[in-house]
Amino acid sequence: MSAAEDQADVERVLAGDASAFEGIVRRWQGPIVNLAYRFCRDRSRAEDMAQEAFLRAFRALGSWRRDAAFSTWFFAIATNLFRTDLRRIPARTLTLDDIPELLDSRAIDGGLESEDRDRVVRRAVYALPAKYRDAIILFYFHEMDVPAAARSLGLPEGTFKARLFRGREVLRSKLSQLRVSPALHEEVL
Amino acid sequence: MTRDALDRILSAEDRIVPSSGFADSVMDAVRREATTPPPIPFPWKPALPGLIAGIVAIAGLFVAAFPLRTPEAAAASPSVLSLPQLISAARLAAVKTDGAGWLALACLLTLLSLFFSFRATGSRT
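Chains as they are written, first to last, in this note's numbering: chain A, 1 to 189; chain B, 1 to 125.
Bound conformation, chain A alone:
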């Protein structure tokens, strides 16, 4: 992704050429749709949320200060929007209490396969309290880059790290309480 291209497109949009925004859309559609998807786990809703994020960015382009990268500013807008949207209409997720049931029912068929287990762990993230869930989602979305994830959430790095640590602890403790197949037990506990 080119910061110079972003800046050039923004300048053109601010000068009155709305079609220049297409460059921004084409460059950032993948990351923004994926970020939305990580929040809601619904492809169709993710595209709606991403479209709204692009519109918000378009309306607020004039407020982008050049001291931060366009992507940083844009991810912060999108993250804020997605979190608000999720508070309004929660994603269809499990509660932490549902997870043992899910694991147990699958263990009847000879234990969890690796793919199922990964899916259960990912779904467990969505059962965390929002502040821990958001920290974990953004940390892994930004490929474990703490400063980038903290900026997206608008938090100091220290606060972000504390939430990430606490979120992982809650997740680990919940998953450790489960009756899981021997293979999973051996690998992750």
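Derived from the structure by calculation, the hints contain no laboratory data.
Incorrect hints may have been included.
Facing chain A, according to a computed beta carbon distance under 7 Å, are these residues of chain B, among others [to be verified]:
#, residue
1, 22
2, 29
3, 83
4, 86
5, 87
Since the structure is predicted, the reported quantities are computational estimates derived from the model, not experimental observations.
Beta carbons: idealized from backbone N, C-alpha and C, even for Gly.
On the provided structure of chain A, position chain B as indicated by the hints.
Only chain B this time, still in chain A's reference frame:
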């Protein structure tokens, strides 16, 4: 669960590809947004004199309803009044005081309000 196992599982999240018409759909919405005129802001400037006059009128009503009470008057009447008592006290105070003065003040405020409203509106057109 170890941190490494958690990192491995959560880092390996599948990526989705936006549908083929997504960018076009966003750009349609952006073009609509660009051609829509901005919302009309609330006309604070023309409304301000009217708001100030309203506040002054309400303040005047309270001043009339709670005149300076001498110790004798305070002893003669209860200090807490009900709403009907307040209204009749205000009406009584307005009758007792110089009615012409109040009338003149009301007219002056109305005229000032109209003057500033027309001036503010006229300066925009």
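Verification of the hints:
1. At about 6 Å, the closest approach between the beta carbon of residue 22 of chain B and any beta carbon in chain A falls short of 7 Å, and the interface hint on this residue holds.
2. For residue 29 of chain B, the suggested interface contact is upheld, since its CB lies about 6 Å from the closest CB of chain A, less than 7 Å.
3. Hint status for residue 83 of chain B: violated, given a least beta-carbon distance of 41 Å to chain A, over 7 Å.
4. Residue-level restraint check for residue 86 of chain B is violated (minimum Cβ-Cβ distance to chain A is 45 Å; threshold 7 Å).
5. Against a cut-off of 7 Å between C-beta atoms, the interface hint on residue 87 of chain B is violated, since the closest Cβ of chain A lies about 45 Å away.
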